[in-house]
Amino acid sequence: MPVPSLPGAALRSLLPFLVGAPILVAVQALAPPEQAIILVNLGVNVILAVSLNVVNGFTGQFSLGHAGFMAVGAYTSAKITVAMAGFDIAGLPPSLSDPLVFALALAAGMAMAALAGFVVGLPSLRLRGDYLAIVTLGFGEIIRVVIENTRFLGQATGIPGLPPRTNLVWVGMGAIGTIAMARRLGGSSHGRAMLSIREDEIAAEAMGVDTTGYKVRAFVIAAAFAGLAGGLLVHYILLVSPRMFTFVRSMEVVAMVVLGGMGSVTGSVLAATVLTVALEWLREVEGWRMVMYALLLIVLMLTRPEGIFGTREIWDLWPRLFKRRAKAA
Amino acid sequence: MRTSTPFAVLALALAALGCQKKQGAEGGEAAASAALTPNAGSGTGKILIGHVASLTGDKATFGQSTDRGVRLAVTEANAAGGVKGRQLEVKTLDNQGKAEESAIAATRLVSQDRVTVLLGEVASTNSLAMAPIADRYQVPMVSPSSTNPKVTKDGARTRPYVFRVCFIDPFQGTVMAKFARETLKLDKVAVLRDVGSDYSMGLADYFIEKFKALGGTIVDDQSFKAGDPDFKAQLTAIKNRSPQAVYVPAYYGDVALIARQARELGMKQPLMGGDGWDSAKLFEIGGKAVDGCYFSNHYSHEDPEPRIQSFVKKYAQTYGEVPDGLAAQGYDAAKVAIAAMKAAKDLSGAAIKDALAATKDYPGVTGVITIDSDHNAVKPAVVLEVKNGAAHFVATVKP
Amino acid sequence: MTQFLQHLVNGLSLGTIYALIALGYTMVYGVLKLINFAHGDVYMVGAYSGFYLANALGVEKEPTLVKAGIVFVGSMAICGALGYVIERFAYRPLRHRARLTALITAIGVSFLLEYGFQLPSWPGLPIPFPPGPTPRFFPTPFARVEWNVLGVSLSNYDVISLLVAVAFMVALQLIVYRTRFGTAMRAVSFDPQVAGLMGIPVNRIISGTFVLGSMLAAVAALLVAGSRPRIDPLMGLMPGLKAFVAAVFGGIGNVPGAMVGGLALGLAEEYVAGYTVSSYRDAIAFAMLILVLLVKPEGLFGRSRAEKV
Chain A
1 MPVPSLPGAA
11 LRSLLPFLVG
21 APILVAVQAL
31 APPEQAIILV
41 NLGVNVILAV
51 SLNVVNGFTG
61 QFSLGHAGFM
71 AVGAYTSAKI
81 TVAMAGFDIA
91 GLPPSLSDPL
101 VFALALAAGM
111 AMAALAGFVV
121 GLPSLRLRGD
131 YLAIVTLGFG
141 EIIRVVIENT
151 RFLGQATGIP
161 GLPPRTNLVW
171 VGMGAIGTIA
181 MARRLGGSSH
191 GRAMLSIRED
201 EIAAEAMGVD
211 TTGYKVRAFV
221 IAAAFAGLAG
231 GLLVHYILLV
241 SPRMFTFVRS
251 MEVVAMVVLG
261 GMGSVTGSVL
271 AATVLTVALE
281 WLREVEGWRM
291 VMYALLLIVL
301 MLTRPEGIFG
311 TREIWDLWPR
321 LFKRRAKAA
Chain P
1 MRTSTPFAVL
11 ALALAALGCQ
21 KKQGAEGGEA
31 AASAALTPNA
41 GSGTGKILIG
51 HVASLTGDKA
61 TFGQSTDRGV
71 RLAVTEANAA
81 GGVKGRQLEV
91 KTLDNQGKAE
101 ESAIAATRLV
111 SQDRVTVLLG
121 EVASTNSLAM
131 APIADRYQVP
141 MVSPSSTNPK
151 VTKDGARTRP
161 YVFRVCFIDP
171 FQGTVMAKFA
181 RETLKLDKVA
191 VLRDVGSDYS
201 MGLADYFIEK
211 FKALGGTIVD
221 DQSFKAGDPD
231 FKAQLTAIKN
241 RSPQAVYVPA
251 YYGDVALIAR
261 QARELGMKQP
271 LMGGDGWDSA
281 KLFEIGGKAV
291 DGCYFSNHYS
301 HEDPEPRIQS
311 FVKKYAQTYG
321 EVPDGLAAQG
331 YDAAKVAIAA
341 MKAAKDLSGA
351 AIKDALAATK
361 DYPGVTGVIT
371 IDSDHNAVKP
381 AVVLEVKNGA
391 AHFVATVKP
Chain R
1 MTQFLQHLVN
11 GLSLGTIYAL
21 IALGYTMVYG
31 VLKLINFAHG
41 DVYMVGAYSG
51 FYLANALGVE
61 KEPTLVKAGI
71 VFVGSMAICG
81 ALGYVIERFA
91 YRPLRHRARL
101 TALITAIGVS
111 FLLEYGFQLP
121 SWPGLPIPFP
131 PGPTPRFFPT
141 PFARVEWNVL
151 GVSLSNYDVI
161 SLLVAVAFMV
171 ALQLIVYRTR
181 FGTAMRAVSF
191 DPQVAGLMGI
201 PVNRIISGTF
211 VLGSMLAAVA
221 ALLVAGSRPR
231 IDPLMGLMPG
241 LKAFVAAVFG
251 GIGNVPGAMV
261 GGLALGLAEE
271 YVAGYTVSSY
281 RDAIAFAMLI
291 LVLLVKPEGL
301 FGRSRAEKV
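Protein chains in written order, with the working numbering: chain A, 1 to 329; chain P, 1 to 399; chain R, 1 to 309.
Rather than coming from a laboratory, the hints here were simulated on the basis of the structure.
Beta carbons are placed, not taken as given, at the ideal position from N, Cα and C, and that holds for glycine.
Watch out, some of these pointers could steer you wrong.
[Said to hold, decoys possible] With a Cα cut of at most 20 Å, we get these calculated DMTMM-like pairs of lysine to aspartate or glutamate:
no.: 1; chain 1: R; residue 1: 33; chain 2: A; residue 2: 199
no.: 2; chain 1: R; residue 1: 33; chain 2: A; residue 2: 306
no.: 3; chain 1: A; residue 1: 79; chain 2: P; residue 2: 154
no.: 4; chain 1: R; residue 1: 33; chain 2: A; residue 2: 201
no.: 5; chain 1: P; residue 1: 288; chain 2: R; residue 2: 146
no.: 6; chain 1: P; residue 1: 46; chain 2: A; residue 2: 200
no.: 7; chain 1: R; residue 1: 33; chain 2: A; residue 2: 200
no.: 8; chain 1: P; residue 1: 210; chain 2: P; residue 2: 221
no.: 9; chain 1: P; residue 1: 91; chain 2: A; residue 2: 286
no.: 10; chain 1: P; residue 1: 91; chain 2: A; residue 2: 284
no.: 11; chain 1: P; residue 1: 268; chain 2: R; residue 2: 146
[To be verified] Just so you have them, the derived chain R footprint on chain A, three or more residues with Cβ under 8 Å:
no.: 12; region: 36-43
no.: 13; region: 113-127
no.: 14; region: 144-154
Bound-form chain A, shown alone:
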């Protein structure tokens, strides 16, 4: 691969956003409301799945506390946008000031979630596998219990009346950003170091990889993007409440990651899409909905035990499929 020149590299990194933006604006303008809200939900799930993939997929650590980070990001950004509603930065008109405030609020939510990720990531220095899983799950639950007990955060009711700030463009950009982050991280030397920890921690350490440092970094990155997902979701629903962030939510995200294939970014995107859309269709069957969902989960896992794409990406897989087809013909 030729090394791109500096402006070329900048362009390449911006390309997904430049291509995505007009498409998102068009979809935003054309999509009927029920499609829009489903797409927002889908985008949020993509962000969650892809970001959790950095911990569970790339680094091979088992985190069950993603909903907790989501809660931190959601509450932080909600508090900021509510406090800043009707307040214009530097005398800008609301049409400019509001998105700016929202962007700052999301950034603050990501920062707070990253901080929480750092605190939770620290135990991963000592814990492995299921022990780490239970500690992250515990942290997630602690975060929720603290929120339920804090009057400032609205206790069980949560905070209603958030300003409507999220739209498809915001969520789409967030999802593109998360996917781009994961792709570029996966291709970088940092990503390789994380993958080496997943494959063989002892060997990685022997090769001079700072295993503890990379584990904590993975947690921080994943948490920050979970915080972004939380912030985006609640500004579309216009409500943030603790019941949105139970450990069942974390388990759903883990299911997306495993179903997509550990470490496969496109797999996570596809799995998030399949599960979100399936749940949406199944809404029609009323009480049977979750039963069908559970069956879908089991059947998909049994038929594709290594995940939809395994550890590969979609472009690694297509040529193989084509080859096999050619052979059959």
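With chain A's structure known, arrange chains P and R on it following the hints.
Quick look at chains P and R alone, frame taken from chain A:
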């Protein structure tokens, strides 16, 4: 690959089901690409009533009860000729008891299915997620049992399209505080609330406020989490403060266990609660332990009023069980909405909303309902005492 | 002082629930290294099996020891069969895959049982099955006796549950260390492949472990439901999670560890809720677990295996 064949078949079956559903969704898309409002204002087909309910998840028992009440009301209305010569149909979408899912379900009902009115939800947090959608798309929404005052409010403004047929927390909490202080003449009361439920938290807060204002003392304020198997830690702590009664604003399943465990610890004090207690399961699970307890409710099953007796009888005939409070409220929410549709000059959202706001002295099962300027139902509360496995009328408290 | 003792009794009684469920968790984990997330739901199925059996026998009207025995044995049989089916169809096909894969099917099975039991009853069945989401009253399998010792109330259920839990712990320990089945279990746990080469029927041993663990869940469910007679389809969710925490706390895979972990968790929750802020009950239970794991990453009784390079 021997074992994978049956799974592949199952997967195919699932996929087929998915495709079927997809066609439905696409049909909806085509319909929704037309202008969104006015919805179903004219036409001769069925009038669609949307219901958002938790048919699955940890709140499923409440959602399913409410849905049964709603469907009973609609069946009755259809038998009586429907509304403006058209039959009614209920479409229920599941929300798993989650706020974000409620928003999606409400949006789908409103914009894809183009429902005429929206019913739901039980939990206030879920109704809070639905309320902005009702307002935005100008579809009247009637909540059967969301008691948080904020549900019908957008800041200081009343949401024009959002209504409810139940009490709000301040009223019900105050009723019980007054009853405890003035009728039972209690001085020292402890509170045990469900920390994860906005309903329980709201009632407890208003109860404490009023009880203190009336000169009583709250000796302990403990909390639990719904679904816990054991409440003895909190009860032992409460017992040690020797209150004269314990206020437990929670749902019947937990209350029944709390009552049992309180008696096991030798606590003889009466428990007090709110309309979440209203279910035959309270007496079945609680047994003798709930005897002598008091709770506030919308109505009494014993009320000889024919409309109440006929509702209880019809519900039992249709579903084979005694209706609980949520079924009655679902029934009333649908009834009030249907009455408003009949009274409205046409079936546009604006007309129905005006008719709902004008609801006055509607004879519902859960009381005579008048909608006030905040879109809350104003109706008297009754206080019931549990004796020998049934709730008996003690007093009526006017708003 | 009375309050302190009462909390002690309550805490042990609560801890016994966790311990009974945790024993099943830890058995399965010890052999398969699989977190069986569906274990809490097998526990729920155990409670419902007991419910249907007891109602069919009319236990509520005249409880006898024979009927209680039938209820216990019947529920254990049903749960054992369920455990076998789950293992055979949801876990065995994935045994040689990454461990997380089986975890996802475990979550799937857990959802399937929870939401399946929440469905409205099918018409035409002699029993209301599925039971639906409404909580049900569980008929008392044998009479409850309350004692009052020095102002501390205590019931025969608390005592029997604790004794049963201890008996099971001892029995499991004996099975694991004193029988051929146990020896085979340990061999499979150590290295399934080599165990297979040595002529140990690996599949049968793993199935047996699942059946045993599921039967334990049934007993736990009946003891718990007998004294706290409300059952619903999601009743296994939180106790299952807490039991998992207890098993990890004691060192997962270790039988006495599960017992001690369960009791410790119960006591900790009890004293936290009784003496400090009860709304932080769960948070403090988890915080305590995290602290213990930070000091001793393998849990209280877990062995740290040397890392092989």
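For each hint, the structure was consulted:
1. 33(R) x 199(A): Roughly 19 Å separates the two Cα atoms, so the pair holds.
2. 33(R) x 306(A): 18 Å, holds
3. 79(A) x 154(P): 17 Å, holds
4. 33(R) x 201(A): The hint holds at about 19 Å.
5. 288(P) x 146(R): Distance of about 15 Å is within 20 Å: holds.
6. 46(P) x 200(A): Answer violated: residue 46(P) to residue 200(A) is near 63 Å, above 20 Å.
7. 33(R) x 200(A): At roughly 18 Å apart (the allowed maximum being 20 Å), residue 200(A) and residue 33(R) satisfy the hint.
8. 210(P) x 221(P): 15 Å, holds
9. 91(P) x 286(A): 10 Å, holds
10. 91(P) x 284(A): 9 Å, holds
11. 268(P) x 146(R): Holds, at about 15 Å.
12. 36-43: violated (count 0)
13. 113-127: Held - the region 113-127 of chain A has 3 residues with a Cβ nearer than 8 Å to chain R, which meets the minimum of three.
14. 144-154: holds (count 4)
The structure fails to meet hints 6, 12 from the earlier list, while all remaining hints are met.
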